[in-house]
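Residue numbers (this note's numbering), protein chains in the order written: chain A, 1 to 237; chain B, 1 to 207; chain C, 1 to 224.
Quick caveat, the hints were computed from the structure, so don't treat them as lab data.
Errors might be hidden in some of the hints.
As the list claims (entries may be wrong) - Cut-off 35 Å, straight-line C-alpha distance, at most; resulting in silico cross-link-like pairs (DSBU-like, lysine-lysine):
| no. | chain 1 | residue 1 | chain 2 | residue 2 |
| --- | --- | --- | --- | --- |
| 1 | B | 183 | B | 67 |
| 2 | A | 2 | C | 223 |
| 3 | C | 223 | A | 75 |
| 4 | B | 198 | C | 223 |
| 5 | A | 144 | A | 5 |
| 6 | A | 75 | B | 183 |
| 7 | A | 144 | B | 70 |
| 8 | B | 198 | B | 39 |
| 9 | C | 223 | B | 70 |
| 10 | C | 223 | B | 183 |
| 11 | A | 5 | A | 75 |
| 12 | A | 192 | A | 75 |
| 13 | A | 75 | B | 113 |
| 14 | B | 39 | B | 70 |
| 15 | A | 43 | A | 5 |
| 16 | C | 223 | B | 113 |
| 17 | B | 141 | C | 223 |
| 18 | B | 39 | B | 59 |
| 19 | B | 198 | B | 67 |
| 20 | B | 141 | A | 144 |
| 21 | C | 223 | B | 59 |
| 22 | B | 39 | A | 75 |
| 23 | B | 183 | B | 141 |
| 24 | B | 70 | B | 198 |
| 25 | A | 75 | B | 198 |
| 26 | B | 39 | C | 223 |
| 27 | C | 223 | B | 67 |
| 28 | B | 113 | A | 144 |
| 29 | B | 39 | B | 183 |
| 30 | B | 183 | A | 144 |
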Amino acid sequence: MKFVKYGSLGIISFIVIAGLGIPLSPSPQSWLEFPVIPGLEDKARNLFFHVPMAWTSVLGFLVSTYFGFRYLRTKEIDYDFKSVSAAGLGFLFCILATVTGALWARFNWGSFWSWDPRQTSIFILLLIYGAYFALRSAIESDEKRASLSAVYSIIGGLTAPFFIFVMPRMMSGLHPGAKEDAGGKGPLFESKMLAPNMRVLFYVSLIGFTLLFVWMLQMRIRTARLEYESSRELSER
Amino acid sequence: MNDITLTINGISQEFNRRTIFRDLTFTISSGESLALTGKNGSGKSTLIKILSGLLTPTKGTVAYTLKGTKVLPDDIKSAIGLVSPYLQLYDEFTGLENLMILSSIRSNGSLTKERAEALLDRFGLAARRHDFVRGYSSGMKQRLKYAFALLHAPGVLLLDEPTSNLDAEGIEIVQQVVLEQGKAGILILATNDEGEAKWCSRRFQVA
Amino acid sequence: MSAVSSTVALFSKDVRSELRTRYALNALLMFVVTAVATILFALRADQPSPTVLSGMYWVVVFFTAMSSLSRIFVSEEERGTTLTLQLVASPSTVYFGKLLFNTALTVSLTLAVTVLYTLVFSEFFIIQTPSIFFVTVFLGSLGFASAATIIAAIVAKANTRGTLYPVLSFPILIVLLMTVMNATARALEGENFSEAMGDFQILVGYILVMTGGSFLLFDYVWKD
């Protein structure tokens with residue numbers, strides 16, 4: 001899968017250069033100029049990083065739960081390697097998304113954290129990831145660890161739909177696209193203020209981060225398999 | 001109740017990156033008794049757990065047939081009696097209460113108090129039947145486990161280390177149980193003791 | 001039919017065992033008293049708002065539940081009676097028997113907290129809409145028990161049970177906590193019953209999803 005490796009690295013480098021390097025202009029004339037979005041200005045560049053990271057953290061959870069489910073059905077330990085590898089990456093991207101989000105919030109909304117529905121969601125996702133790894137480290141046997149953590153991530157996933165109903169009732173939203181957003185313009189990446197070149201760059205970035213996730217996932221799964229095989233050889237000796 | 005056949009076919013068990021045993025195959029029918037032997041750590045207890053349906057083997061199949069028809073794993077439990085060092089009874093209940101409560105959870109309905117008391121009597125616990133198990137000696141607890149295992153007159157009796165903690169009189173009762181069960185149904189015991197292995201009509205080396 | 005009678009038999013075994021040993025009950029009552037006393041010290045002469053009070057109410061319930069609801073599986077595991085139970089009962093019998101017991105325990109817990117609250121906060125803790133309050137407490141208890149039971153079964157198989165239980169439970173219970181806190185505040189503020197319907201729908205949905213999911217997954221946790 002050379003394509004995934006070089007593709008993801010290429011796209012991410014391109015996003016870093018283009019996303020940070022393309023100058024802003026009040027009235028953009030060409031594809032090499034971004035418009036000035038009132039209230040966001042240069043901060044809009046975070047769109048290319050923060051949103052794809054948040055997407056990858058959710059993707060990691062879904063992939064991990066799916067492989068956990070497959071493990072429960074087949075009891076093949078290889079599915080647990082896939083599940084835990086995806087969860088580890090999801091956790092990493094979850095932290096990155098939280099940090100980039102908190103920084104963005106600090107400069108746009110005035111404080112790092114204000115318990116808006118999406119901030120609360122990612123906080124809970126962080127907690128579930130944390131609890132998942134705490135559970136794994138508390139179980140010695142491979143088989144038990146695999147099935148108990150798979151059950152836990154499924155149970156965690158079952159609560160997710162409720163947040164969609166619960167959170168808007170409890171707290172006001174600051175993210176664009178929230179109920180309270182006066183203009184009701186929807187999420188930034190769907191907004192009309194976004195120039196076509198920014199939108200293209202955003203979707204390219206989504207693809208890039210997804211490919212990065214796939215590539216890192218493959219490496220982690222390979223590592224987990226090798227570790228397992230080597231410790232197995234030691235114990236069989 | 002009779003005419004039970006147990007067939008295990010190519011079962012292997014792996015646990016925590018170790019293979020415990022590989023590719024075991026045997027068949028046993030009512031009227032036979034089998035001694036599982038093998039050195040410490042060879043997986044005798046694990047095999048007993050698999051036979052009782054408490055553990056699914058990594059590979060291979062365990063099949064019980066009753067009068068020629070296959071019995072589902074969930075239904076087989078009502079035909080199995082198990083004595084094992086890993087199986088404990090409830091400390092906060094008396095010997096008699098333990099038997100009555102466990103059979104009410106099993107809900108086979110037919111158990112009467114008389115049968116429970118007769119079993120307690122057989123294992124020499126009649127006088128202490130209203131005492132809390134907390135106060136039992138380890139040998140008495142082992143005797144109570146036999147009363148629990150035989151409570152529902154199981155077609156298959158599985159014994160793991162059958163005489164641990166028992167005195168000479170206790171061992172004699174167990175020998176009686178083994179011989180009776182070996183005629184009426186299936187008896188499988190796991191042991192390291194040559195004398196106990198001789199109670200059985202067949203032998204199987206776990207390795 | 002026999003599945004129901006087995007479940008009831010297991011439930012009554014746990015109740016008898018609890019009444020004899022008082023493992024959970026005594027600790028639970030002491031925990032409630034300690035927690036409410038701590039809140040009293042913290043508030044001193046301040047006048048707590050309904051939101052603060054309803055939040056505190058469920059904080060007490062959460063931590064007390066975390067101190068006692070895992071016992072139901074941990075005690076079987078510690079005493080080595082898990083195998084015995086696996087032998088005599090089907091997984092669904094065990095799950096529903098234990099769920100029933102934890103529900104009873106949580107209901108008595110919320111009742112104890114309610115009584116204590118009305119005694120010590122008699123000036124501030126005035127339930128203006130009792131119908132909302134009691135429906136919330138009942139559904140909340142059910143929801144707590146449904147999530148806490150499957151987590152207890154998971155935790156019983158792990159090594160560091162005491163600290164792990166709240167860590168695993170909190171992310172799962174957070175939706176429920178937010179909803180019951182919201183509904184309890186409504187009851188204290190005297191809103192109409194109909195205004196809490198949305199909260200109740202979420203609670204009922206949560207109970208159904210958690211119980212159904214746990215029931216389907218319990219086999220994988222319970223069997224080695």
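Status of the hints after comparison with the structure:
As the CA atoms of residue 183 of chain B and residue 67 of chain B are separated by approximately 17 Å, the hinted pair is consistent with the 35 Å bound. Annotation: proposed proximity of residue 2 of chain A to residue 223 of chain C is violated, straight-line Cα distance about 42 Å (limit 35 Å). With a C-alpha separation of about 13 Å, the suggested pair residue 223 of chain C and residue 75 of chain A falls inside the 35 Å cut-off, and the hint holds. Distance check on the hinted pair: residue 198 of chain B and residue 223 of chain C sit about 34 Å apart at the alpha-carbon level, within 35 Å; holds.
Pair hint residue 144 of chain A plus residue 5 of chain A holds up; C-alpha atoms about 33 Å apart against a cutoff of 35 Å. Between residue 75 of chain A and residue 183 of chain B, the direct Cα distance comes to roughly 38 Å. Violation of the 35 Å bound is thereby established for this hinted pair. A hinted pair counts as satisfied when its Cα atoms are at most 35 Å apart, and residue 144 of chain A with residue 70 of chain B qualifies at roughly 29 Å. Proximity of residue 198 of chain B to residue 39 of chain B is assessed by CA-CA distance (about 17 Å); at most 35 Å being required, the pair is judged to hold.
For the given pair, residue 223 of chain C sits about 22 Å from residue 70 of chain B by alpha-carbon distance, which is consistent with the 35 Å threshold. Proposed proximity of residue 223 of chain C and residue 183 of chain B is supported: the alpha carbons are some 32 Å apart, at most 35 Å. Of the pairs offered as hints, the one joining residue 5 of chain A and residue 75 of chain A holds, with about 30 Å between alpha carbons and a cut-off of 35 Å not exceeded. Distance check on the hinted pair: residue 192 of chain A and residue 75 of chain A sit about 49 Å apart at the alpha-carbon level, beyond 35 Å; violated.
Of the supplied pair hints, the one linking residue 75 of chain A and residue 113 of chain B is violated, its CA atoms being roughly 43 Å apart against a limit of 35 Å. Annotation: proposed proximity of residue 39 of chain B to residue 70 of chain B holds, straight-line Cα distance about 33 Å (limit 35 Å). Taking the CA atoms of residue 43 of chain A and residue 5 of chain A, the gap is near 29 Å; set against the 35 Å cutoff, the hint holds. Taking the CA atoms of residue 223 of chain C and residue 113 of chain B, the gap is about 31 Å. The hint holds against a cut of 35 Å.
A hinted pair counts as satisfied when its Cα atoms are at most 35 Å apart, and residue 141 of chain B with residue 223 of chain C qualifies at roughly 25 Å. For the proposed pair residue 39 of chain B and residue 59 of chain B, the alpha carbon gap of about 22 Å is at most 35 Å, so the pair holds. For the proposed pair residue 198 of chain B and residue 67 of chain B, the alpha carbon gap of about 28 Å is at most 35 Å, so the pair holds. Taking the CA atoms of residue 141 of chain B and residue 144 of chain A, the gap is about 30 Å. The hint holds against a cut of 35 Å.
Distance restraint check for residue 223 of chain C and residue 59 of chain B: the Cα-Cα separation of roughly 17 Å lies within the 35 Å cut-off, and the hinted pair is therefore satisfied. For the given pair, residue 39 of chain B sits about 29 Å from residue 75 of chain A by alpha-carbon distance, which is consistent with the 35 Å threshold. Restraint check: the Cα-Cα separation between residue 183 of chain B and residue 141 of chain B comes to about 26 Å, which is no more than 35 Å; the hinted pair holds. Restraint check for residue 70 of chain B and residue 198 of chain B: the C-alpha separation of about 31 Å stays at or below 35 Å, so the hint holds.
Between the alpha carbons of residue 75 of chain A and residue 198 of chain B the distance comes to roughly 38 Å, so the proposed pair goes past 35 Å and is violated. A threshold of 35 Å between alpha carbons decides the hint, and for residue 39 of chain B with residue 223 of chain C the separation of about 27 Å falls inside it, so the pair holds. Of the supplied pair hints, the one linking residue 223 of chain C and residue 67 of chain B holds, its CA atoms being roughly 28 Å apart against a limit of 35 Å. Simply put, residue 113 of chain B and residue 144 of chain A have alpha-carbon atoms about 39 Å apart, too far for the 35 Å limit, and the pair is violated.
With a C-alpha separation of about 28 Å, the suggested pairing of residue 39 of chain B with residue 183 of chain B holds against the 35 Å cut-off. Among the hinted pairs, residue 183 of chain B with residue 144 of chain A is inconsistent with the structure: their alpha-carbon atoms are about 39 Å apart, more than 35 Å.
Hints 2, 6, 12, 13, 25, 28, 30, counting from the list given before, are not met by this structure.
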